[in-house]
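Given these sequences and hints, build the entire structure.
Number of protein chains: 2
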Amino acid sequence: MINRLVEKIKKMNAPIVVGLDPMLSYVPEQIQKKAFTEFGETLEGAAEAIWQFNKAIVDAIYDLIPAVKPQIAMYEQFGVPGMTAYEKIVTYCQEKGLIVIGDIKRGDIASTSEAYAVGHLGRVRVGSRNYAGFHEDFVTINPYLGSDGVNPFLKVCREEKKGIFILVKTSNPSSGEFQDCLVNRRPLYELVGEKVARWSEEMMGDNYSYVGAVVGATYPQISMMLRKIMPKSYILVPGYGAQGGKGKDLVNFFNKDGLGAIVNSSRGILTAYRQEQYGAFGPEHFAQASRQAILDMVSDIRGVLEVTK
Amino acid sequence: MINRLVEKIKKMNAPIVVGLDPMLSYVPEQIQKKAFTEFGETLEGAAEAIWQFNKAIVDAIYDLIPAVKPQIAMYEQFGVPGMTAYEKIVTYCQEKGLIVIGDIKRGDIASTSEAYAVGHLGRVRVGSRNYAGFHEDFVTINPYLGSDGVNPFLKVCREEKKGIFILVKTSNPSSGEFQDCLVNRRPLYELVGEKVARWSEEMMGDNYSYVGAVVGATYPQISMMLRKIMPKSYILVPGYGAQGGKGKDLVNFFNKDGLGAIVNSSRGILTAYRQEQYGAFGPEHFAQASRQAILDMVSDIRGVLEVTK
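Residue numbers (my numbering), protein chains in the order written: chain A, 1 to 309; chain B, 1001 to 1309.
If you're looking for bench data, these hints aren't it; they were derived computationally from the structure. Every residue, glycine too, gets a C-beta built ideally from N, C-alpha and C. Please note: incorrect hints may appear among the correct ones.
Stated by the list, open to error - Pair by pair, the computed Cβ-Cβ distance ranges are: (1) B:1023 - A:37: 38 to 44 angstroms; (2) B:1151 - A:220: 44 to 50 angstroms; (3) B:1280 - A:194: 47 to 53 angstroms.
Here it is as structure tokens:
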């Protein structure tokens, strides 16, 4: 799957992933209204609204980008109907040829991590049959419990040729509270990065590893060091756009081959129709506003890649 | 909710929580067979089997214990039908008067953590109405992203009078890889414990805080220090029984009032019927074997509490 991701990024010349993290408040009124008319103001109605919203955006952008990253929390907040919508959007995106990175940030002790790995990337045994519950192509995972929380994911990735992105340095303001703690004069995120590098060597695709990392766009100084520590890991970079990261901050995330990073934007794309810049599209044409926002993002990031050449 | 938990623990004289973490392989054959006959060897069939297994055990033990801790990963591995079974078991246990600690170990950046908090402990807004998706009473959370990942949970706990247990030092063998890293000569888990203590002071019930901690039973030396650092936090102690923790290791987790800790056992209770000690019950009477295993655990833990007096 990492080979397929790299290939798609190269072909489209767009190291970009769109975060499908819809708040109900992002969804234009006409879609909410239609869903509530059909299903009432219920969890099912909310799930229908975010599904229709996502579907329209995916239909408008799938030819421009290699991958999407649905944030499972935004679906999970609507209970079981939300989880149903999550699985539906994973399936739909895969049918459209998109690679799906499930932003699930799971992490637990061994047998429990195994259940998460099996449920999201692998197949669970039921009697004589196997089933893939949520069947994402990649997922994000939390490393706080150490390698026996990560190993079950590695095992499933090996069997299924799928991949993971391990949280190393997150994009939020308080990420430093624990991640920046100095351990022998070096921040914890560097130690986590070194572990990721070791795991990634065990799990190589053609040029990059099935084991990637998450490093926030909001820390451009840190990115250079982490890029060096984890040369074979793809870096998933959240925080572009709404969280304050800009194109020029991204240059250090890429290797000299112009590869090695994939930049995520969520709110900036999903709510483009509300931004002054794309206001002319209006709420009826929200999906076209998202398309234009991606075209602009692609051009911004291509500018960065020119610099690395 | 923390007041209710403390009250129930006192009344039952049993600081015990049973982990409802069913692997399909734990479920006796007659229950699997029945579920597969009705629903086929499908995810729905698997979900039905673990639901019936859980229900029978809950029916046999609910009068002995204050709380249960379903591990969401064990349900999530069966996709949407598994999540449906999870919600069903949460509801059922609450109807039986049990307090439900959802072992979800979620943690993300601010707006995303808010979605998790709302989905598991709070209520999500849909049009003019509010819905509680998974409605646990407590959940476990992962602190790696720092306080802006924790704050949304605190906010919801304040509104709903619910609680959280924050991972401080987990029971698995590799928990030391990052949690034990020395930061200014002190292990990271102590710094996390200090943060938990600060959060817990902001969120007090009568004698204990709505903010608790998870500290594994497998580290009795560490427990004394963490008990001191977080005097107002209930400590959820996994690792008793199958993971190697024993009753006598637990004494340091309790305060002088005989309170302050709740000990979890999962596999040891759920699969009691397969253990030599309870073999006489046989697979048909698996729930009665679980009941006997709890009676023995209660007596073991009461012995520990005698020592603290």
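Range hint 47 to 53 angstroms: satisfied by the CB atoms of residue 1280 of chain B and residue 194 of chain A? Since residue 1280 of chain B and residue 194 of chain A have Cβ atoms about 52 angstroms apart, the given range 47 to 53 angstroms holds.
CB of residue 1023 of chain B to CB of residue 37 of chain A, is that within 38 to 44 angstroms? At roughly 43 angstroms between Cβ atoms, residue 37 of chain A and residue 1023 of chain B fall inside 38 to 44 angstroms, so the hint holds.
Verdict for residue 1151 of chain B, residue 220 of chain A (Cβ pair) under range 44 to 50 angstroms: About 26 angstroms separates the Cβ atoms of residue 1151 of chain B and residue 220 of chain A, which means 44 to 50 angstroms is violated.
Hint 2 alone, counting from the list given before, is not met by this structure.
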